[in-house]
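Asks: Starting from the given sequences, assemble the full structure and let the hints guide the process.
Each chain, written out:
Number of protein chains: 2
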Amino acid sequence: MKLTQEQIEQFWAEGYLFFPEAFAEEEIAILRDEAERIYATDRKEVWREKTGAPRTAFAAHTYNEAFRILGTHPRLIEPLEQIFGEPLYMHQFKINAKAAFEGDVWQWHQDYGTWARDDGMPEPRAMNIAVFMDEVMPINGPLMLIPRSHKAGVFEAGHDLETTSYPLWTLDKETVTRLAKEGGIVAPTGKPGSVLMFHGNLVHGSAPNITPYPRRIVYLTLCAVSNYIRKPTRPEWIAHQDFTPITPVPDDALLRCARNHYQTAAE
Amino acid sequence: MKLTQEQIEQFWAEGYLFFPEAFAEEEIAILRDEAERIYATDRKEVWREKTGAPRTAFAAHTYNEAFRILGTHPRLIEPLEQIFGEPLYMHQFKINAKAAFEGDVWQWHQDYGTWARDDGMPEPRAMNIAVFMDEVMPINGPLMLIPRSHKAGVFEAGHDLETTSYPLWTLDKETVTRLAKEGGIVAPTGKPGSVLMFHGNLVHGSAPNITPYPRRIVYLTLCAVSNYIRKPTRPEWIAHQDFTPITPVPDDALLRCARNHYQTAAE
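Protein sequence lines correspond, in order, to chains A and B.
Under my numbering, think of the first position of the first sequence as 1, with each following residue one higher.
Under my numbering, think of the first position of the second sequence as 1, with each following residue one higher.
Accuracy of the hints is not assured; some may be wrong.
Only pairs whose alpha carbons sit at most 30 Å apart, straight line, appear in this in silico DSSO-like list of lysine-lysine [what the hints assert, rightly or not]:
1. K50(A) - K181(B)
2. K151(A) - K231(A)
3. K173(A) - K44(B)
Residues from chain A shown here face chain B by an in silico Cβ test under 7 Å; the list is partial [stated by the list, open to error]:
4. F101
5. P138
6. I185
7. I210
These are calculated hints, taken from the structure and not from any lab test.
Glycine included, each C-beta is placed from N, C-alpha and C at the ideal position.
Replies: What follows is the structure in structure tokens.
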């Protein structure tokens with residue numbers, strides 16, 4: 001997937017781009033199934049809400065074939081290579097559950113704030129690209145973004161160790177209020193397979209999910225290879241230290257994996 | 001305001017009716033101002049979130065003139081008189097804040113479940129009519145309703161004394177999931193002054209509000225006079241025991257109150 005010049009300009013202006021249904025249902029179904037298998041395990045990479053419901057699973061691309069393919073997929077890798085103008089490595093890989101009824105809040109934050117403070121990443125030349133595994137609706141805790149909030153660098157933040165099981169550098173209310181006054185708040189919604197990419201400094205958050213509808217999203221954090229992290233403080237499976245450039249797989253690799261998987265299962 | 005036959009049929013079929021901008025901005029502005037004055041007091045009727053932000057203020061119609069008028073307003077009283085076919089009294093009166101950043105969850109529940117269990121109300125012949133004081137958006141914790149969930153009576157519920165500062169009889173996940181499968185979930189949104197009325201057995205809830213946009217709603221709980229509560233266990237200012245039928249004020253009473261108020265203030 002290649003971005004047009006217009007899309008690239010829109011990305012730098014607004015801080016995000018949204019691609020409805022970039023993946024087919026057949027490609028996403030296997031990811032959902034595999035995510036559930038992963039959430040059901042008690043490996044250290046699976047973090048839970050205070051209720052015990054899954055919150056996030058780290059590094060699935062290192063221990064699951066379908067997610068390994070997703071982590072090297074050209075529809076995700078190529079647009080970010082265009083943005084950064086160089087090869088990428090995988091800085092972080094998360095499957096966020098936002099489970100039905102129990103998915104808890106992600107307070108307002110900038111991703112790069114954490115990557116800089118906790119991992120020693122030199123520049124905001126890394127970003128998240130999100131793949132919706134479920135339909136994201138206005139009511140099931142959609143990701144909320146503050147457009148244009150990526151333009152003023154890293155804001156001061158407090159280390160929130162209390163609200164949820166996931167430590168996060170979060171912004172104060174005054175900053176969020178001011179940024180929302182300037183840029184508004186958007187909450188891109190769409191079918192499974194939709195893709196959202198957003199700048200590492202774009203302020204975002206999401207409310208809890210109290211509906212019966214889970215809202216699972218895979219986040220690839222792709223970093224320009226030259227921007228590799230200098231001072232890691234987090235475990236390798238949270239902030240990776242393998243800086244090998246990613247070579248994209250063929251565009252149909254995930255589809256073939258899915259067909260092969262279910263065919264084998266049916267035999 | 002009188003309901004048409006079609007609206008009455010729709011109410012019984014779906015369990016709710018929504019009236020965008022039933023009140024003018026001039027009528028709502030005074031309510032917002034007065035609500036803030038009330039929230040700033042430390043009277044017993046004002047309950048707070050765990051953070052200290054206001055959560056709800058009870059019985060404002062008994063100690064504030066603008067809310068007294070709202071509590072007898074024909075645009076709210078007349079439709080419910082039509083539904084119940086008899087005069088009404090005020091069972092409960094709440095100003096729910098759902099404050100910016102801090103407004104917490106209301107778990108899935110039926111109002112009549114609480115009125116029956118806690119107040120000894122004989123029949124579900126009472127209901128809430130909500131007046132939006134702020135714009136209710138998809139992102140600031142809108143009220144979510146499960147259409148048609150009012151048709152099966154009162155569901156079993158557990159007494160939730162933990163989640164928030166407000167004790168509530170809440171439904172289990174299996175029941176909510178089943179009802180949502182049948183009826184879906186709607187979240188009516190709209191400008192300040194919009195009005196939402198919903199059946200006492202309609203299942204509803206709302207997620208926390210993490211946005212900078214407050215979402216204040218006034219709830220009048222109007223009860224058919226013959227259906228007065230038999231076994232009150234809650235204080236009189238939560239579940240009223242004055243069963244006097246409400247006589248509606250003229251339709252322009254709130255407008256005149258607002259104009260008078262701001263004119264006097266300007267003099």
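Asks: Against this structure, judge whether each hint is valid.
Replies: For each hint, the structure was consulted:
1. K50(A) - K181(B): holds (27 Å)
2. K151(A) - K231(A): holds (25 Å)
3. K173(A) - K44(B): holds (28 Å)
4. F101: F101(A) check passes; min Cβ-Cβ to chain B is 5 Å, inside 7 Å.
5. P138: It holds, given that the least Cβ distance between P138(A) and chain B is near 3 Å, below 7 Å.
6. I185: holds (6 Å)
7. I210: Holds - the Cβ of I210(A) comes within 7 Å of chain B, reaching about 5 Å at its closest.
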